[in-house]
Structures are given as structure tokens and as C-alpha cells.
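A.B. asks: Sequence:
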Amino acid sequence: MASRIEHRAEYAYGVSEVFRAETGDEALKARLAEIGGKNSALLSHSADENGARYQLRQGIEAEKLPPIVRKLQPGDLYVDREHTFTRDGDGYTGTARATVSGMPGEITARTEIRPAGDGTVVQTRGEVKVRIPLVGGKLESFVAAELTTLLAREAEFSREWLGRAR
1 MASRIEHRAE
11 YAYGVSEVFR
21 AETGDEALKA
31 RLAEIGGKNS
41 ALLSHSADEN
51 GARYQLRQGI
61 EAEKLPPIVR
71 KLQPGDLYVD
81 REHTFTRDGD
91 GYTGTARATV
101 SGMPGEITAR
111 TEIRPAGDGT
121 VVQTRGEVKV
131 RIPLVGGKLE
141 SFVAAELTTL
151 LAREAEFSRE
161 WLGRAR
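So for the sequence shown, our numbering puts the first residue at 1; every next one is plus one.
Hints were generated in silico from the structure; no laboratory data involved.
Be a bit skeptical, because a hint or two may be false.
[To be verified] In silico EDC-like pairs for lysine to aspartate or glutamate, Cα to Cα no more than 20 Å straight-line: (1) Lys38 to Glu61; (2) Lys38 to Glu10; (3) Lys64 to Glu26; (4) Lys38 to Glu26; (5) Lys129 to Asp90; (6) Lys71 to Glu61.
Model the full structure from these sequences, guided by the hints.
C.D. replies: As C-alpha cells, then:
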């Protein structure tokens with residue numbers, strides 16, 4: 001069974017501006033530098049007004065992991081994320097897939113960037129699957145909660161990035 005991820009962020013900026021803040025090369029590098037964790041990196045990137053595709057790596061230091069995770073995977077963890085966005089009408093639709101080093105399973109999500117009134121809404125829905133007997137459900141819940149917190153931090157970073165760009 002999988003654990004669900006849901007996050008919604010509202011912006012007082014247009015779709016194009018939010019799209020660039022969420023997928024632009026400079027914005028992603030700055031976001032990783034601020035909240036990406038140990039040894040984070042933008043591994044690949046391409047974007048234009050019709051869409052974006054990028055891969056990034058985020059690190060989680062071992063001492064920040066719960067004991068159950070440290071028992072299963074000693075040392076630091078790395079989360080590799082692959083994102084793809086395509087223009088969809090007056091917004092963008094994206095998919096994401098992530099894997100965690102040493103963990104059998106995956107994280108998948110779908111993101112929509114849509115106009116809403118005078119601003120934009122970014123809605124992400126996904127799920128975490130960890131295929132480890134007996135403890136998989138606990139790990140899924142932990143990862144889903146951490147990802148929801150990370151999405152909120154990333155949204156806040158994007159709001160600040162947009163504010164600095166004006």
C-alpha cells in the first residue's frame with residue numbers, strides 16, 4: 001500500500017513567472033543551495049516556454065534520519081528527482097519520479113500549474129511506495145510527511161524568489 005502526498009501552493013504571480021521560478025536553471029540551483037541538503041546538485045536541465053525537464057539530487061545527512069531508516073541504510077541518503085513539465089492550455093502539467101538511495105520503492109507525483117484569479121496555483125498529488133516487509137508502511141508515512149514539508153519549503157522559496165525578481 002502507498003502513502004499519499006498532497007500539496008497546494010498559491011502565488012500572487014502569473015503562470016509564466018511561477019513556471020520559471022519552479023523550473024528555471026538559476027532558481028533551481030539557488031533553491032538547492034538553500035534547502036537541498038548535503039551534496040545537492042542539479043544534474044541536468046532544459047526548459048523553454050513549452051516545458052521543462054530536469055534532474056536533481058538532494059542529500060539527507062544520516063544524523064537527521066529516524067533510527068529505523070539508519071538501521072536499514074547506514075550513512076547519508078540521496079534523493080534523486082526527475083521532473084518533466086509540458087504546456088497544457090493556459091498552464092503546465094508535470095510528472096515527477098524520485099528514488100531514495102538504498103530504499104526499494106519510488107515516489108511518483110503529478111503537478112499542475114494553473115491560473116487562479118489574479119495568481120497561480122501549483123497543485124501536487126502523488127504517492128510513496130516502499131517495498132520492505134513489515135516496516136514499509138512506516139517508512140512510507142515518514143517519507144510522505146517529509147516530502148509534504150519539503151514541498152511547502154520549496155513553495156516558500158519560490159515565493160521569495162519571485163519577490164526578489166520584481
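A.B. asks: If a hint holds in the structure, say so; if it does not, say that too.
C.D. replies: Structure-based check of all given hints:
A threshold of 20 Å between alpha carbons decides the hint, and for Lys38 with Glu61 the separation of about 7 Å falls inside it, so the pair holds. The straight-line distance between the Cα atoms of Lys38 and Glu10 is roughly 28 Å, outside the 20 Å bound, and the hint therefore fails. Of the pairs offered as hints, the one joining Lys64 and Glu26 is violated, with about 27 Å between alpha carbons and a cut-off of 20 Å exceeded. With a CA separation close to 19 Å, the supplied pair Lys38 and Glu26 stays within the 20 Å bound.
Only pairs whose Cα atoms come within 20 Å are accepted, and Lys129 paired with Asp90 is rejected, the gap being roughly 32 Å. With a CA separation close to 14 Å, the supplied pair Lys71 and Glu61 stays within the 20 Å bound.
Going through the hint list in order, the structure does not satisfy hints 2, 3 and 5.
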